[in-house]
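Go ahead and model the full structure; you've got the sequences and the hints to work with.
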Amino acid sequence: MAEEFYDLLKRKNKNDRKKVIEHFAPLVKKIAGRIAINLPPSVEFNDLVSYGVFGLIDAVEKFDPDMNVKFEYYARTRISGSIYDALRKLDWAPRSIRIKSKEIEKAIAELEQELNRDVNDADIAKKLGVSAEELEKMFVDHRKALLLSLEGFFSAESDDEDKASFLKDKKNLTPEEKAEEQAIKETLVRAINSLVYNERLVVTLYYYNEFTLKEIAATLDLTESRVSQIHSRAIAKLKARLKKFKKSMFA
Numbered sequence: 001m002a003e004e005f006y007d008l009l010k011r012k013n014k015n016d017r018k019k020v021i022e023h024f025a026p027l028v029k030k031i032a033g034r035i036a037i038n039l040p041p042s043v044e045f046n047d048l049v050s051y052g053v054f055g056l057i058d059a060v061e062k063f064d065p066d067m068n069v070k071f072e073y074y075a076r077t078r079i080s081g082s083i084y085d086a087l088r089k090l091d092w093a094p095r096s097i098r099i100k101s102k103e104i105e106k107a108i109a110e111l112e113q114e115l116n117r118d119v120n121d122a123d124i125a126k127k128l129g130v131s132a133e134e135l136e137k138m139f140v141d142h143r144k145a146l147l148l149s150l151e152g153f154f155s156a157e158s159d160d161e162d163k164a165s166f167l168k169d170k171k172n173l174t175p176e177e178k179a180e181e182q183a184i185k186e187t188l189v190r191a192i193n194s195l196v197y198n199e200r201l202v203v204t205l206y207y208y209n210e211f212t213l214k215e216i217a218a219t220l221d222l223t224e225s226r227v228s229q230i231h232s233r234a235i236a237k238l239k240a241r242l243k244k245f246k247k248s249m250f251a
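For the sequence shown, counting from 1, position 56 maps to 56 in this note's numbering; every step adds exactly one.
I should point out that these hints are in silico values taken from the structure, not numbers from a laboratory. Hints are not guaranteed to be accurate.
Claimed, not checked - Lysine-lysine pairs mimicking DSS-like chemistry, simulated, CA-CA at most 25 Å apart: (1) LYS127 - LYS137; (2) LYS29 - LYS70; (3) LYS62 - LYS19; (4) LYS185 - LYS244; (5) LYS14 - LYS62; (6) LYS30 - LYS244; (7) LYS106 - LYS185; (8) LYS137 - LYS106.
The following block contains the structure:
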């Protein structure tokens with residue numbers, strides 16, 4: 001089946017491209033559904049699918065079968081990228097949510113610097129001067145705001161070609177590009193491994209195993225709101241640690 005689609009992609013025929021697009025259409029809905037879970041009801045699911053279809057078409061047109069990359073992986077990147085780009089243009093997150101999100105991230109970054117250890121909810125609540133209940137509400141807002149900011153962390157200021165540059169044939173990477181890519185991977189792995197156990201587990205299940213928060217909650221015997229809070233805290237920590245790396249890398 002994979003070889004059949006590679007042949008279709010190589011021929012660059014209009015009808016062949018249509019077959020590939022039709023075959024991978026369910027993938028667009030799957031990705032759109034996963035993103036929709038984190039968005040308010042005002043964002044229509046069908047709109048997300050439409051944005052994703054543009055990404056799939058773009059993937060079919062630009063994919064080079066000679067690259068050392070599977071088409072599905074390449075398509076996933078283009079589809080999700082197209083949806084995220086459209087959401088950025090919509091500017092759906094209210095300013096108040098962004099402010100609360102930045103307050104949490106700033107508090108975590110400062111606490112880690114001051115305490116030189118992993119911080120918990122009590123530390124964060126004390127730093128912000130809020131109750132545990134208020135902090136939980138802030139984490140809910142933070143989760144809404146982090147959807148786009150983390151996705152574009154390393155490529156927020158890059159154009160579409162730059163965003164997909166990591167997908168090019170590894171044999172064509174310069175020594176500098178290979179070193180930079182490896183440094184980013186190692187830093188991300190270190191940052192994830194530095195999280196406490198439950199945070200690391202939630203991040204792994206959500207991003208690598210593609211569990212929904214509801215599925216994670218059932219697996220860990222926790223409430224979905226508690227899993228959401230753990231997820232938000234983990235991502236805020238990762239952002240703080242990755243920002244430090246980015247500053248040192250691109251200074």
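Query raised in the report: Quick one, are LYS127 and LYS137 close enough, alpha carbons at most 25 Å?
Result: 16 Å, holds
**Report entry** Distance restraint between LYS185 and LYS244, which requires alpha-carbon spacing of 25 Å or less
**Finding:** 15 Å, holds
Query raised in the report: Taken at face value, is the distance from the CA of LYS19 to the CA of LYS62 at most 25 Å?
Result: It holds: about 16 Å lies between the C-alpha atoms, which stays within 25 Å.
Query raised in the report: Are the Cα positions of LYS14 and LYS62 separated by 25 Å at most?
Result: 14 Å, holds
**Report entry** Distance restraint between LYS30 and LYS244, which requires alpha-carbon spacing of 25 Å or less
**Finding:** Violated - the C-alpha atoms of LYS244 and LYS30 are around 33 Å apart, more than 25 Å.
Report task. Decide if the proposed pair is consistent with the structure: LYS29 and LYS70, CA atoms, cutoff 25 Å inclusive. Result -> Roughly 19 Å separates the two Cα atoms, so the pair holds.
Query raised in the report: LYS137 and LYS106: Cα distance at most 25 Å?
Result: Holds: LYS137 and LYS106 sit about 17 Å apart, inside 25 Å.
Report task. Mind checking the alpha carbons of LYS106 and LYS185 for me, to see if they're no more than 25 Å apart? Result -> 24 Å, holds
Hint 6 from the earlier list is the only one contradicted by this structure; the remaining hints agree with it.
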